[in-house]
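Visitor: Here is how the chains run, residue by residue.
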Amino acid sequence: MTTTTMSMAKALNAGLRRAMEEDPKVVVMGEDVGRLGGVFRITDGLQKDFGEDRVMDTPLAESGIVGTAVGMAMRGYRPVVEIQFDGFVYPAYDQIVCQVAKFHSRSQGRVPMPMVIRIPFGGGIGAVEHHSESPEAQFAHTPGLKVVACSNPVDAYWMLQQAIACDDPVIFLEPKRHYHSTRAEIDDAASPGPLWESRVVRPGDAATLIGYGPTVGTCVDAAAVAAEEGRSLEVIDLRTLSPLDLGPVEESVRRTGRAIVVHEAHVNLGLGAEVAARLTETCFYSLEAPVLRVGGWDTPYPPARVEEAYLPDLDRVLDAVDRSFAF
Amino acid sequence: MTTTTMSMAKALNAGLRRAMEEDPKVVVMGEDVGRLGGVFRITDGLQKDFGEDRVMDTPLAESGIVGTAVGMAMRGYRPVVEIQFDGFVYPAYDQIVCQVAKFHSRSQGRVPMPMVIRIPFGGGIGAVEHHSESPEAQFAHTPGLKVVACSNPVDAYWMLQQAIACDDPVIFLEPKRHYHSTRAEIDDAASPGPLWESRVVRPGDAATLIGYGPTVGTCVDAAAVAAEEGRSLEVIDLRTLSPLDLGPVEESVRRTGRAIVVHEAHVNLGLGAEVAARLTETCFYSLEAPVLRVGGWDTPYPPARVEEAYLPDLDRVLDAVDRSFAF
Amino acid sequence: MNDPVFGPTPTAPADEGELVQLLTPEGERVHHPEFDLELTPEMLRTFYRDMFLVRRLDVEATALQRHGELGLWAQLLGQEAAQVGAGHALARQDFVFPTYREHGVAWVRGVDPVSLLGLFRGVDNGGWDPHAHGFNLYTIVIGAQVLHAAGYAMALQRDGVVGTGDGDRDAAVLAHFGDGASSQGDVNEAFIFAAWANAPVVFFCQNNQWAISEPIEKVSRIPLYQRANGFGFPGVRVDGNDVLASYAVTQAALKRAREGQGPTLIEAYTYRMGAHTTTDDPTRYRLMEDVEHWKLKDPLARVEVHLRRNGLADDDFFAELSAEADALGERMRRECHLLPDPQPLSIFDRVYAEQTAELAAQQAEVATYLSSFADHAGAGAEGGAA
Amino acid sequence: MNDPVFGPTPTAPADEGELVQLLTPEGERVHHPEFDLELTPEMLRTFYRDMFLVRRLDVEATALQRHGELGLWAQLLGQEAAQVGAGHALARQDFVFPTYREHGVAWVRGVDPVSLLGLFRGVDNGGWDPHAHGFNLYTIVIGAQVLHAAGYAMALQRDGVVGTGDGDRDAAVLAHFGDGASSQGDVNEAFIFAAWANAPVVFFCQNNQWAISEPIEKVSRIPLYQRANGFGFPGVRVDGNDVLASYAVTQAALKRAREGQGPTLIEAYTYRMGAHTTTDDPTRYRLMEDVEHWKLKDPLARVEVHLRRNGLADDDFFAELSAEADALGERMRRECHLLPDPQPLSIFDRVYAEQTAELAAQQAEVATYLSSFADHAGAGAEGGAA
Ligand SMILES: Cc1ncc(C[n+]2csc(CCOP(=O)(O)OP(=O)(O)O)c2C)c(N)n1
Ligand SMILES: Cc1ncc(C[n+]2csc(CCOP(=O)(O)OP(=O)(O)O)c2C)c(N)n1
Ligand SMILES: [Mg+2]
Ligand SMILES: [Mg+2]
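Residue numbers (numbering that gives the first Met the number 0), protein chains in the order written: chain A, 0 to 326; chain B, 0 to 326; chain C, 0 to 385; chain D, 0 to 385.
Next comes chain A alone, as it looks inside the complex:
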């Protein structure tokens, strides 16, 4: 096989498998990742094929998982840590921001910290508290970490392998609500573009929509509706949140004059704030309206039956486009 049609969940599984085949130093650690294959089955079958030494059902302690992964990375392993849900990364927060992020610089490059921390993130799955969080801004604010988010099966497949191959620690965000929502053809003989680039996923010239992870789909849908109304919106998938790659965004905004950033994280100090601040600096004279932000409200993620009111959706994106044009 070279070309297979896969969901994002399957693509992640295939990407992990390939990374493990290619490098015996890649190990998988987490809660329930072994026998069960993870609560989302992303690691399905890996323990059977690679053994318990490489796919570890760890004790239930996130700081312990990341902290021991640090020790393994020091000895040349490349741990891929699964955090079961976004809301459960916080017990490991200290190890991530004070240790994982700092080992390389603390040691003046003598101790690299190749580690991938996979986090199923975002809402929209009708879950209980702590299962729908979007913690990316906190990690992107931390120097020493790299942060990426995939939005489709093909990216999921390649970006995960690239993140594992990277010698820096990477927070790898997976939009859990899209694990099974779409399928795409993956050609495993293809050569993927660089990991650290954002990408135009739908061209347009009236305004620029900027999303990542789960909101790329929302932006594309919004652009489709806008197109029917005669408004051509360009959609950019950021893909890499730290470092940001705003080159393509700036190029776009210089053409469109209008930009809307869309994410599920709280608006206040979410990625949109940084994108808006930078774009305004670099494209000051091109902007015909302020960069607008559509995101989760500045409230805790609400109970599932009202999550629609919290999440940015097509209508809120289009409303922001209207507001941008009204400036």
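Do not take every clue at face value.
DSSO-like mimics (lysine-lysine), calculated; alpha carbons at most 30 Å apart, straight line [claimed, not checked]: (1) C:254 - B:24; (2) A:47 - C:217; (3) B:24 - D:217; (4) C:294 - C:217; (5) A:47 - A:24; (6) A:24 - D:254; (7) C:254 - D:217; (8) C:217 - D:254; (9) B:47 - B:24; (10) D:217 - B:47; (11) C:217 - A:24; (12) D:294 - D:217.
Keep in mind that the hints were calculated from the coordinates and are not lab data.
Starting from the known structure of chain A, arrange chains B, C and D with the ligands on it as the hints suggest.
Guide: For chains B, C and D with the ligands alone, coordinates are given in the frame of chain A:
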């Protein structure tokens, strides 16, 4: 006494003492806060006067300190937790963002969470790793928390008492490098203004400098130098970081047309990003240049002998003013 | 491996031999030197009744999930005795910190089963008043509540309601967690703080053998109750499927706590008969034989045998109980539908005790935005239930 | 309090009675049933020499701080025996995870004392190569490194260098932490992971009685080595002021680890004779009498007495050592001044293994900005030393 001249450290001590006298439910918890009076002596003498039940030298475990403080708050106490240094708040991060921040909304208001978490923050004291961090953005991004920073002894005295009286959890940031740098007269019979307001500390009309905590002084110094060069800069002390009170800032920017936000936290996704994004939305047509940001670089806080290169100083602020005028 | 210098290395948790048991799986009362118990027939029937109704509650909620009325349900099947026994050991003034699975304790504390459903239906994060019931909201982040429990116990000390000798005033805290949770830093820190403060808290670990798919014997090489040894307070293992033993041991530990003698760790050795939650598929990781083995130790069956064999309850009792359970089930089905969906604008309420101008403005903005749809769509308010 | 049901409640850590000791404070060799040791006179002299030089190193660094050459120094005064003994028990292929106070272990591992100063002078965060010395950089966040140690030990298992029987290959990890650190979640999680993986790690807790101002006996009610009981692996308390005992017990525990028998907890019972760090003022919280009491147990004095009394070292030995120490002190003073201050632009280097375009741009911006001053100020580069 009604009027006393005090350093910020003494003012905090006096404020704490008064809060403890006025409300028997106020308790102090932390590492070394008892016999030693804290490594910065902010709690000096309190254990002697209020006893070990109200001023607790806890075990060395930040999650434990905040987690047990949650339990005490549930039973009607008002814990004031001291985190010894900014870089040591992260073991408690999970308890702060998933528990402290969410109890009130989770319980639909039935279980308020009055708690103050005091954090000596920021750099410039020549310290070793983890002792000079500025973690405010991460807390401000978390709904359910309130975040404030004092910049002078008088504010320190009143804001601490107001934070303790507040029924919501407050992250209270103290610019440690200014604990002893200035003294001010405190009139304990005065009636302080509201906690949730930012304040113009030096009027001007050419550009607006926005700081908080340790950078307010930097901004004031910059304004003094600029004044000599004939440029009148307005300086605003944000004081409250979450919620933000941008009313006075907007009023200022509408007059000046230029704004520079200054903080020690990393620029990327620091408070400046949010302030810039919002100001651009609210003052789009008044801005003659993009809101500029002067902050800590996007690197780990460096070793002490090179921290000056990292920290925003008077020159970098003035350079940003020049860049603003060059737009 | 018996090392001459450091002694034996334990390799797996000891078996059930050492646990406190007062009623065998066959329904025989056995005596225990330390935890013997005199119980009236009425008390025995109450225990049985509560377990029976709690099991129905659990089955009913599971069915509601299957019918799409709940997003999720965390079953307690098999853990009724541990919970009902512990719950009955509580005094009114005690306070409980549950996980997300303590439906049996909730029941004994008078929390309406329907309000337990709200969290799982997604209409709230816990619909009852923790203070009214001395029963905190469910905590989902593993282990976090165990620290809250230690802190609450420290507050009781400061309130002067520990060790006064007044049985109606002296209070203690019951902290629940699972076998998996015992690995979390927070749980171990709670042991530290409780030992340090000599706080009146009973740590109640239901070792149901599984943390989702991870079996406890792979994680801990010694019985969990022995963890307490490392922190300097007593630990005891009880047959978690024996409601009498759970009651007796918890009662003794709570009494100790209220008297000011400090914390205790109880390991209730039991088994999760169901899945972890309704989204879990345990056939991927465990053997049906194990479940069958544990069926023989059913917590309800042994009490029923005991009641019948000793003439402590007649057919009428069982028939009435069955009818009562049916009524409970029927009420849960009916009232679950009636749980109101939260209003969109409500998400901005009660984020803070003192609302912020910022959030009030965001709420107003959303109100305007939503009303723009209402204008288009007419007044058709959608109900939440199917 | 002896509770009839739950047994006695310990109230304070037991005293020093139960610790492993091979050399008394008076310099007498004593025998121990499990940890007996045959040592050549040369080995004894090496231990003494190392402790003597390490003490000088510590005194010298403290003086450098007083003279403003260091921002801070964490003294090890009083802990020389625990560290030098443990350090000598290591094999070349072992790996050490220190706190910020393991200067004695660093010395034995061949880390140049001058490179230890960098961190405290503020020119770097640790100037040595961890891999070259099998000695990690100092970790300041309390307890964090103990998890790294457990993970590194898991990596050794996966590398196949545990339990092979080849003494030159089999490796283990030594994890340092303090009495205060034993309260941290991370440390307890490290116990869990090590026990779970049966990882080759020796947890070495220097109980120096203090965590800054907090005395351990207020925090733990039982001796710390007993913590291991709760996690199912052995714990042992050793006289931390007895270099022979520290050596013997650590050696045995490391051997056990290398052979695949899993973790051990060693509590080295000692005393911090100095302040916590040079910024601390211990007179605020502890009694001078305590310090005097511990002076009688000085780790160096007892070895000196033993060496002299048994004719194992002559005056020349002590005189040469003294001269060697003077030379070390002189070198430290000289070379501390020469430690180069980092260049401003260097803060952007090595944040990442693969530099980002973003950070490179920020660096370039700063370069331009700084060069604008250079233009004004001329080329006068400022040296870092006073
Ligand atoms: C911090 C955290 N990590 C992971 C999870 C996901 N999770 C929910 S329940 C569970 C297993 C808990 O096992 P145990 O403590 O034995 O309790 P049980 O469910 O068996 O009652 C896990 C891993 C969580 N809720 N919180
Ligand atoms: C997470 C964290 N919290 C607080 C501190 C501040 N701190 C530095 S050393 C210390 C005491 C440590 O005591 P102990 O573990 O006994 O080691 P010792 O210093 O006595 O060698 C504290 C509280 C820290 N470094 N890290
Ligand atoms: Mg369990
Ligand atoms: Mg200590």
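Visitor: Could you run down the list of hints and mark each one as holding or not?
Guide: Hint by hint, here is what the structure shows:
1. C:254 - B:24: holds, 27 Å
2. A:47 - C:217: Satisfied, since the Cα-Cα distance of roughly 17 Å is no more than 30 Å.
3. B:24 - D:217: Within the cut-off at roughly 24 Å; holds.
4. C:294 - C:217: OK: residue 294 of chain C and residue 217 of chain C at ~23 Å, within 30 Å.
5. A:47 - A:24: holds, 17 Å
6. A:24 - D:254: holds, 27 Å
7. C:254 - D:217: Between residue 254 of chain C and residue 217 of chain D the Cα gap is close to 25 Å, so the pair holds against 30 Å.
8. C:217 - D:254: holds, 24 Å
9. B:47 - B:24: With Cα atoms ~17 Å apart, residue 47 of chain B and residue 24 of chain B stay inside 30 Å; holds.
10. D:217 - B:47: holds, 17 Å
11. C:217 - A:24: holds, 24 Å
12. D:294 - D:217: The given pair, whose Cα atoms are some 23 Å apart, holds under the 30 Å limit.
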